Amino acid sequence: MNFETIMFYVFAALIIFSALRVITAHNPVHAVLFLVLAFISSAGIWILLEAEFLAITLVLVYVGAVMVLFLFVVMMLDINLVRLREGIWRWLPFGAALAGLMAFEMIWVLGSSGTSGGKVAIKHAADYSNTKELGRLIYTEYVYPFEIAAVLLLVAMVAAIALTLRRRKDSKSQVVAEQVAVKKADRLRIVKMQAESRESGK
Amino acid sequence: MMELLQTLQQLGQELLGPAWLPVWTVVKIMVVTVPIMLTVAYLTLAERKVIGYMQIRIGPNRVGPYGLIQPLADGLKLLFKEIIIPSNSNKFLFIAAPILGLAPSLAAWAVMPFSDGMVIADLNAGLLYILAMTSLAVYGIIIAGWASNSKYAFLGAVRSAAQIVSYEIAMGFALVCVLMASQSMNLGDIVKGQQGSLGMLDWYLIPLFPMFLVYLISGVAETNRAPFDMAEGESEIVAGFHVEYSGMAFAMFFLAEYANMILIAFLTSIMFLGGWLSPVPFLPDSFIWLLGKASFILFLFLWFRATFPRYRYDQLMRLGWKVFIPLTIVWVVVVAAWMQTPLWVW
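If you read the protein sequences in the order shown, they are chains A and B.
Mapping of the first sequence onto our numbering: position 166 corresponds to residue 166, and the numbering continues sequentially without gaps.
Mapping of the second sequence onto our numbering: position 89 corresponds to residue 89, and the numbering continues sequentially without gaps.
No false leads were slipped in.
Calculated pairs, DSSO-like style, for lysine-lysine (alpha carbon to alpha carbon, straight line, at most 27 Å):
(1) B:28 with B:192
(2) B:192 with A:132
(3) A:172 with A:183
(4) B:81 with B:91
(5) A:183 with B:322
(6) B:81 with B:151
(7) B:151 with B:91
(8) B:322 with A:169
(9) B:151 with A:172
(10) B:322 with A:172
In short, the hints are calculated from the structure, not lab data.
Fair warning: this is a prediction, and the values are worked out from it, not measured in the lab.
Given these sequences and hints, build the entire structure.
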């Protein structure tokens with residue numbers, strides 16, 4: 001057993017453990033942190049497959065941005081743990097069926113790819129940049145699917161903003177341009193008056 | 001120098017065999033991290049001295065000549081203080097948070113080229129790795145704020161999360177410009193792309209000047225430094241995310257902040273100021289230049305702190321989303337178009 005195989009089993013075990021803890025952890029914040037661990041371990045497996053661009057992007061996008069926002073939201077929720085755990089037995093058959101279906105699909109897709117042991121990743125030289133290769137493929141061969149995916153994401157983004165945007169009538173905002181353009185004369189009035197002597201004040 | 005290293009390598013290989021590689025890697029890591037930690041210690045002294053002189057004070061001058069032993073005294077003091085763990089806090093995360101804050105800022109140094117070929121890990125996707133590591137640093141702050149179970153700490157964590165996620169986008173786009181100009185994500189190649197016969201004029205500072213400003217200011221925001229230190233905001237939320245921390249646990253946050261500052265200073269020098277390249281053609285390229293450039297940017301950090309009052313939170317968000325992000329997106333398009341014309345000489 002070489003070093004890479006050992007690392008694969010370490011990462012795989014970490015993913016399975018953390019994924020299980022995501023659904024079994026009592027505290028939602030802990031669940032989110034276990035999800036972060038699962039992402040980082042998957043990035044480790046991708047590194048072993050020499051997909052360093054995808055691995056680092058996974059950490060950058062999912063761990064560095066998406067999960068931060070997740071954590072942000074989950075931390076602020078006031079979650080009633082008892083109510084959350086109430087329906088677990090009622091929904092368990094449904095969840096189990098869904099999990100079984102997904103497992104079956106994955107075995108079907110991955111198992112049918114010819115060789116029984118799956119496909120072996122092609123090894124490249126150290127100066128092979130898979131970032132460049134990926135970019136070249138995306139913008140030449142797969143340019144239409146890529147553009148369609150981008151437009152779909154944009155539509156989803158616009159829709160999400162449009163659905164949640166509500167204009168409150170009583171909200172106040174500043175007009176920064178007006179604040180910057182303000183002159184001394186707009187705010188300050190200088191009053192000229194006679195100096196008063198001590199006696200006249202009586 | 002290089003020959004000495006090679007004989008050392010050979011000797012180690014003969015002595016330890018396959019165990020030599022991990023040992024040698026640990027040695028390389030120590031050679032990078034120990035000076036960083038020392039720099040952090042003396043950066044705190046430099047900060048107090050520089051701000052002191054800017055405010056016509058002397059700064060620390062009691063411990064040792066010119067206060068030079070002050071960082072050691074501070075470290076010892078913090079080391080001997082009790083670490084108080086609030087009774088209603090989440091103990092595991094409370095202890096883990098400072099470690100999570102410091103680790104990414106040290107891990108990012110793995111791909112930092114100090115001179116031609118002098119780098120721990122010569123990664124092809126080095127730039128992405130740096131972005132990923134700097135984006136992980138926010139976890140320390142968020143977890144610290146949540147695990148403390150305190151209102152002030154929590155408010156600090158929430159502010160910090162929103163701030164870092166917003167400024168990361170601008171930072172990412174600024175780096176996309178660098179990436180387009182150099183056509184590489186390897187930090188060493190980015191520096192080599194700025195090599196030329198004109199010295200300073202070949203640096204990316206010239207064509208990407210707006211991006212340099214955006215990156216520098218976003219860097220100040222990412223490291224939670226004044227005037228963007230809303231996560232601490234001592235006038236509003238006491239000390240923000242680390243209000244419940246004491247002793248060495250507090251010192252870890254301090255270390256992380258200063259280590260991040262040094263990291264941003266080095267990255268700015270590498271990506272916009274030509275790294276180890278000499279600013280004038282008649283002087284040789286050397287590591288000293290990189291140190292000089294990074295020191296100048298660190299001085300800017302201190303200068304900012306002494307000069308600007310803290311931003312208000314809505315102003316910070318406006319600057320990030322309405323000024324920096326549009327500006328960077330426009331500049332990505334400008335650079336892309338510029339590079340298609342013969343006017344692009346970099």
